[in-house]
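Trainee: Sequence:
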Amino acid sequence: MLSRRNDAVTGPREGEAKLLQAAEQLLGDGLSLAELSVARIAERAGLTRTAFYFYFRDKRELLERLTETVAQALYERADRWWSGAGTRAELTAALRAILALHRRHAALLRAVVEASTYDEPTARFWRALVERFIEGTERRLRADGVEPTQARALSVALVWGTERTCYQHIIGSTGVDDEALVDALVGIWDGVMAPLRRKAGRGAGAATRG
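The numbering of the sequence shown is the UniProt record's numbering, which starts it at 1 and goes up by one.
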């Protein structure tokens, strides 16, 4: 008996990619999550409903896979700062790239964040994704000499604050342009971290260099 993937009418990666792309396109067209049905996704992808189920159990699994892909791209941008020298230039580049990805995938991220306000499984899924960024930031702060309890609290505040800011920005409610927002976010992050670095004995702080 053939595997679930090999039974599909197209290559395993090709079919999955078509469905993921179709779902994001439909959200970009203005469909809500409630309107985004398996039938519509399959039709846009040029596949059948039966083919859809070769790749995903249901619509939720597809949306989680799609969101995880975007979140991984966001994580990789953030890691340039987490794993780097901690310069202001690295921080700026990371935040600029993160905001650009929010722009590129605005319809998807908006739909998932909105669903997380009323659907508990989606809320748990989104919190778990955000937690990865909190943990990455916490590791960076602790490596810079910040006390563990303080590093955790600051990471929660900085990451969730940035998540909320980016969300409000991509739905068009901030009234500022992208560069102004990036500058403001850098100022907030650097304003928090530089004094802590000095207190920890790291001089003016790596985040203020570069």
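Treat the hints with caution; some may be incorrect.
Said to hold, decoys possible - What follows is a list of derived Cβ distance ranges for each label pair:
(1) Arg198 to Gln25: 29 to 37 Å
(2) Gly191 to Thr149: 41 to 49 Å
(3) Ile171 to Thr149: 27 to 35 Å
As the list claims (entries may be wrong) - Once the Cα atoms are required to be at most 20 Å apart in a straight line, the calculated SDA-like pairs of lysine to any residue come out as:
(4) Lys59 to Ala115
(5) Lys59 to Glu90
(6) Lys18 to Arg96
(7) Lys59 to Leu108
(8) Lys59 to Gln25
(9) Lys199 to Gly175
None of these hints come from the bench; they were simulated from the model. Even glycine gets a Cβ: it sits at the ideal position worked out from N, Cα and C.
Trainee: State for each hint whether it applies.
Mentor: Each hint, compared with the structure:
no.: 1; hint: Arg198 to Gln25: 29 to 37 Å; verdict: violated (49 Å)
no.: 2; hint: Gly191 to Thr149: 41 to 49 Å; verdict: violated (20 Å)
no.: 3; hint: Ile171 to Thr149: 27 to 35 Å; verdict: holds (34 Å)
no.: 4; hint: Lys59 to Ala115; verdict: holds (13 Å)
no.: 5; hint: Lys59 to Glu90; verdict: violated (37 Å)
no.: 6; hint: Lys18 to Arg96; verdict: violated (28 Å)
no.: 7; hint: Lys59 to Leu108; verdict: holds (13 Å)
no.: 8; hint: Lys59 to Gln25; verdict: holds (15 Å)
no.: 9; hint: Lys199 to Gly175; verdict: violated (36 Å)
The structure fails to meet hints 1, 2, 5, 6, 9 from the earlier list, while all remaining hints are met.
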